[in-house]
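Below are the chains, spelled out letter by letter.
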Amino acid sequence: MSHALVSLRSRLQGERWVAVAMIAPATLVILAITVVPLLRAMWMSLFHIVLIRPGVEPFVGLGNYIAELTSPIFWGAMGRTFVLTVSSAGVSLALGLGLGVLMNQPLRGRWLLRSVIILPWALPGVVNAFMWQWIDHAQYGALNALLTQVHLLDTYQNWLGDPGTALWMIVIADIWKNTPLVALLVLAALQTVPKELADAAEVDGADALQVFRRVTLPLIMPMLLVALVLRTIDSIKLFNTIYVMTGGGPANATQTISLYAYKTAFQVFDFGKGATLGWLIAFVTVGFVIVYLLLIRGSARENRP
Amino acid sequence: MTAPASWRHSRSAQRRAARLVGYGLTVIALAAILAPFAWLVISAVSSQADLITVPLRWIPEHPTLARLEDLLFGSNAHADAFRAAIRNSLLVTSASTAISMVTGVLAAYAFARLRFPGRNWLIFVFMATYMLPGVAIILPIYSFFSSVGWLDTPWALIIVYSSFVTPFVIWLMRGYFETVPTDLDDAARIDGCSRLGALWRVVLPVSAPGLVSTALLAFLFSWDEFFFALILTQTEAGKTLPIAINDFIGRFTVDFPLLASGGLIAALPPVIIAFVFQRRIVAGLTAGSVQGS
Amino acid sequence: MFGTVRVGRFATVALGILFVLGACSTGASPSGAPPTPTGAQPTAAVSQSPAAGPVTITALFMTQAGYTDDEVKAMTDAFTAANPSIKVDLQFVSYEALHEKIVTDQLGGSGQYDIVLQDAIWGPEFAVAGISADVTDSIPADMLSGVFGGVLVGTQYQGRYYGIPWLNDTQYLYYNKTMLQKAGFSAPPSTWDEMEQQALAMKQKGIIDYPFVGQYKQGEALVANWTSTAGGFGMTDFVDAQGNPTFNTGGSLQALEYMKKLLDEGVTNPASTNYVSNDVKGALLSGQAAFGIVWAYVYADSLDPAKSKVVGEIGIAPMAGGGHACNGGMSLAITKNAKHRQEAIDYALYLASQPVEEKYVTAALPMWKSSFEKPELSASAPELWAAAEVAYQGMINRPMVPFYTPLSNALQVALQEALLGQKTPKAALDGVVAQWGSLQSQ
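Each protein sequence line maps, in turn, to chains A, B and C. Under our numbering, think of the first position of the first sequence as 1, with each following residue one higher. Under our numbering, think of the first position of the second sequence as 1, with each following residue one higher. Under our numbering, think of the first position of the third sequence as 1, with each following residue one higher.
It is possible that some hints are incorrect.
To be verified - Derived contacts from chain B toward chain C, CB cut-off under 7 Å, selection only:
{"hint": "1", "residue": "Ala13"}
{"hint": "2", "residue": "Gln14"}
{"hint": "3", "residue": "Val41"}
{"hint": "4", "residue": "Val45"}
{"hint": "5", "residue": "Gln234"}
{"hint": "6", "residue": "Gly250"}
{"hint": "7", "residue": "Thr253"}
As the list claims (entries may be wrong) - Computed list of lysine to aspartate or glutamate pairs in DMTMM-like fashion (alpha-carbon distance at most 25 Å, straight line):
{"hint": "8", "chain 1": "C", "residue 1": "Lys423", "chain 2": "A", "residue 2": "Asp154"}
{"hint": "9", "chain 1": "C", "residue 1": "Lys309", "chain 2": "B", "residue 2": "Asp191"}
{"hint": "10", "chain 1": "C", "residue 1": "Lys205", "chain 2": "A", "residue 2": "Asp162"}
{"hint": "11", "chain 1": "C", "residue 1": "Lys309", "chain 2": "B", "residue 2": "Asp255"}
{"hint": "12", "chain 1": "C", "residue 1": "Lys101", "chain 2": "B", "residue 2": "Asp191"}
Said to hold, decoys possible - Using C-beta positions, here's what the derived DEER-type ranges look like:
{"hint": "13", "chain 1": "A", "residue 1": "Ile73", "chain 2": "C", "residue 2": "Lys182", "range": "30 to 38 Å"}
{"hint": "14", "chain 1": "B", "residue 1": "Phe73", "chain 2": "A", "residue 2": "Gln105", "range": "18 to 26 Å"}
{"hint": "15", "chain 1": "A", "residue 1": "Thr70", "chain 2": "C", "residue 2": "Gln181", "range": "27 to 35 Å"}
{"hint": "16", "chain 1": "A", "residue 1": "Thr155", "chain 2": "B", "residue 2": "Asn120", "range": "29 to 37 Å"}
Since the hints were made in silico from the structure, they are not lab data. The structure displayed is predicted, hence computed values, not measured ones. Quick reminder that beta carbons are idealized off the backbone N, C-alpha and C, glycines included.
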């Protein structure tokens with residue numbers, strides 16, 4: 001008995017060194033170039049640093065943070081970011097899940113879907129932005145042309161110049177481009193589901209939907225979580241698409257927090273506030289992730305038989 | 001113990017219906033994915049005048065491959081820059097994908113299989129680099145590369161991209177490794193393999209789908225990254241594809257057919273790679289794994 | 001079914017081809033001869049500074065606008081041919097990236113640029129930030145007297161010059177001649193009221209649904225468009241002599257009210273709220289607009305059948321209300337920590353010299369007054385040159401303040417709020433004036 005304990009402990013200790021050795025290269029790669037800038041950004045956010053006041057950099061402590069957190073512009077941007085992120089990440093997760101399942105079915109020609117699915121994701125973001133801007137164009141857009149030619153619409157709509165629709169057009173562009181990522185991750189995750197489990201459940205009388213909900217879904221949940229986090233981060237950071245399609249307008253209707261941070265840091269050149277906004281964005285993202293983890297853990301506890 | 005005939009009939013009828021639905025959905029999915037792309041292709045072979053025609057003609061009067069030819073074979077400033085950017089992008093993307101996959105897979109395995117302090121929160125520390133928007137950290141990074149003279153070289157981007165992508169490789173592959181039963185590892189180690197050997201010989205082959213999709217993710221991140229490439233590159237020597245394409249955009253005017261042509265060419269390499277590996281993604285558990293025997 | 005091997009081989013070949021294409025393009029080949037010279041050969045030789053050995057200056061320009069990359073290269077080659085002791089390292093970025101490229105370079109420690117292309121609106125900002133150098137003493141007398149006044153103002157800050165004027169541009173009122181004639185008018189409008197009347201007549205006669213199209217997307221173009229309109233209502237400056245904002249009164253307020261009125265009347269295409277110059281150009285050149293405010297380049301494009309469906313029908317006139325349109329020019333700034341200041345100045349003065357500008361008139365109109373008295377130059381586009389001469393004389397500038405960018409951001413939102421009907425024009429502009437203090441003390 002004690003022999004087993006001793007060997008277990010020595011195995012664990014040995015494992016610690018193995019772990020360090022295996023993680024060290026990644027740590028080096030990840031942190032070497034970013035640790036200092038991350039800390040510097042945190043440091044800069046405590047000062048008032050503006051391009052047009054060179055050399056005058058007073059310490060303001062949490063002043064930048066307080067100014068932003070009490071600014072209606074900030075909260076307006078946060079609200080729009082929330083709407084964009086939840087809809088874009090949510091819809092692309094649902095669509096991606098469906099597509100992944102679809103690509104996993106034994107249908108003829110699924111190789112076509114599997115090859116084509118990567119196209120939107122492979123298209124450079126800047127081209128995607130201009131393409132959607134052109135498709136949504138109020139005078140020449142293909143969307144307007146299509147909808148009027150099939151008589152779903154009477155007149156051409158100003159999709160991007162109307163505060164009520166602009167944000168949704170951006171959501172569509174983001175969903176179209178990024179759903180393939182979710183679909184591929186789901187497809188890969190579905191490969192880990194042993195077929196025997198699904199077959200067994202079917203023999204027990206469960207229909208396809210129940211098999212999916214009770215057997216498949218819990219097993220691919222970790223991967224879905226990763227896809228959700230990835231989509232969330234990408235949607236929060238979405239910049240080029242919005243900048244090209246609407247410039248943040250009309251009247252700030254599509255100004256998300258990323259656009260606001262960029263304009264602050266790289267147009268107004270207020271570096272202190274830019275760093276502040278950067279860290280606030282990071283906190284918000286972490287907040288989202290924590291919420292997801294709690295939800296997943298909660299549902300996992302529910303689903304346990 | 002066989003099921004009654006009526007049950008079997010309705011089962012197969014159900015299956016047939018499900019299959020039809022499946023085909024229908026596939027067609028819809030293909031249409032939704034390809035429609036904007038078809039429009040992009042049409043735009044690439046149209047003239048600017050064609051695109052401002054109302055009512056819109058779906059096929060241009062005189063389709064021309066001039067822009068595509070110009071980008072691939074022409075000899076003017078933006079064509080040269082475009083092709084140089086292809087080379088830079090391929091180099092930067094392959095290198096950063098390789099680095100992040102190797103280091104990431106190693107670390108992911110440790111996270112999945114080994115116990116050590118900080119196992120749970122260390123990943124979040126790693127992810128911070130990706131969660132923080134580039135605007136906040138770009139200036140110090142720029143200063144650093146400027147001071148070592150690596151601005152406008154592929155090295156700067158390779159380092160930066162590797163640092164952003166590795167956390168994701170770790171997180172994705174950790175999740176994937178956790179679905180691989182430990183019996184496989186144990187069997188290998190009983191046979192005399194070290195941890196590393198178990199990883200290499202047994203776990204990796206079984207994880208091919210996860211590896212492929214993760215590598216694709218890494219590849220596409222670097223292929224498409226815009227902001228850091230914009231700030232850290234200056235000339236043909238360092239500019240990657242997204243920047244070269246962005247340079248097609250003028251101050252007051254956008255040659256959309258040219259942009260579309262550039263975009264289509266730029267989308268090719270990832271599509272080719274994905275097409276080649278799409279069978280790998282669904283390789284599934286290999287025969288002879290511990291599970292079934 | 002493809003064997004993976006066959007597909008794999010095909011893929012490798014395809015990737016290889018792309019790779020080779022990329023590899024084969026090392027070393028840009030200067031191609032395309034520069035346009036045939038129309039003026040005297042430029043005097044390229046400059047006073048030699050007693051430097052030992054060749055000096056390399058690094059210059060940053062923009063792509064795809066004004067003078068093309070190849071034209072800038074040609075100009076530079078001519079300069080270096082006449083000045084063998086100076087080499088020029090040219091870099092090009094898109095206009096959108098230019099601003100942040102310059103700042104990152106100067107602040108991030110590399111400071112590699114000796115000379116950069118700067119937009120008029122960044123001039124005061126760069127001056128105060130210590131990025132651009134004071135070059136007042138280097139501007140030759142013939143430039144001070146020979147260049148249009150509005151251009152010179154656009155390179156000054158508080159009476160000192162922080163850039164060498166170079167790339168000149170302003171906005172014009174474009175109109176569709178055919179539609180004008182059909183509506184029974186013989187000449188383009190000379191006042192804004194006249195334009196409104198002509199547009200309403202066209203609309204009522206069913207010639208076109210939305211005669212006017214504007215650049216109202218949230219962005220700098222909107223502020224420029226508004227400035228050009230305000231010039232026709234008598235606005236000369238955004239601030240008074242003491243530096244207090246006046247744009248919520250007088251001509252600028254009337255201009256915004258006019259813009260809103262035209263939208264409400266159905267004269268202005270409502271799609272304009274997402275339009276920039278490229279879209280206005282598209283509307284004009286597809287025959288979907290009768291009037292539009294946009295820059296000089298549209299004139300040449302209107303005559304190109306690959307871009308225009310109304311070749312020969314588009315006329316160009318100075319801005320209604322006296323030809324006071326927005327200055328859209330760019331100047332050459334010498335960086336404060338330039339390693340080779342004098343050589344950079346020589347290079348800039350060469351590029352800006354009258355002979356060089358006259359050699360490339362198809363790309364951009366010269367900023368020299370006497371160029372407009374040379375019939376051999378204007379013969380290629382007499383209508384454009386005639387309008388330009390009036391427009392350059394009447395050109396006005398956007399606020400020349402160091403905090404222009406945050407001011408413009410605030411103005412963009414306010415202008416859109418007014419145009420979308422979310423606020424009255426007066427309330428919208430008052431809102432920006434209320435922020436003046438905090439904008440100023442950035």
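inquiry  = Hints numbered earlier in the text: which of these fail when held up against the supplied structure?
reply    = Hints 1, 2, 3, 4, 8, 9, 10, 12, 13, 14, 15, 16 contradicted; others consistent.
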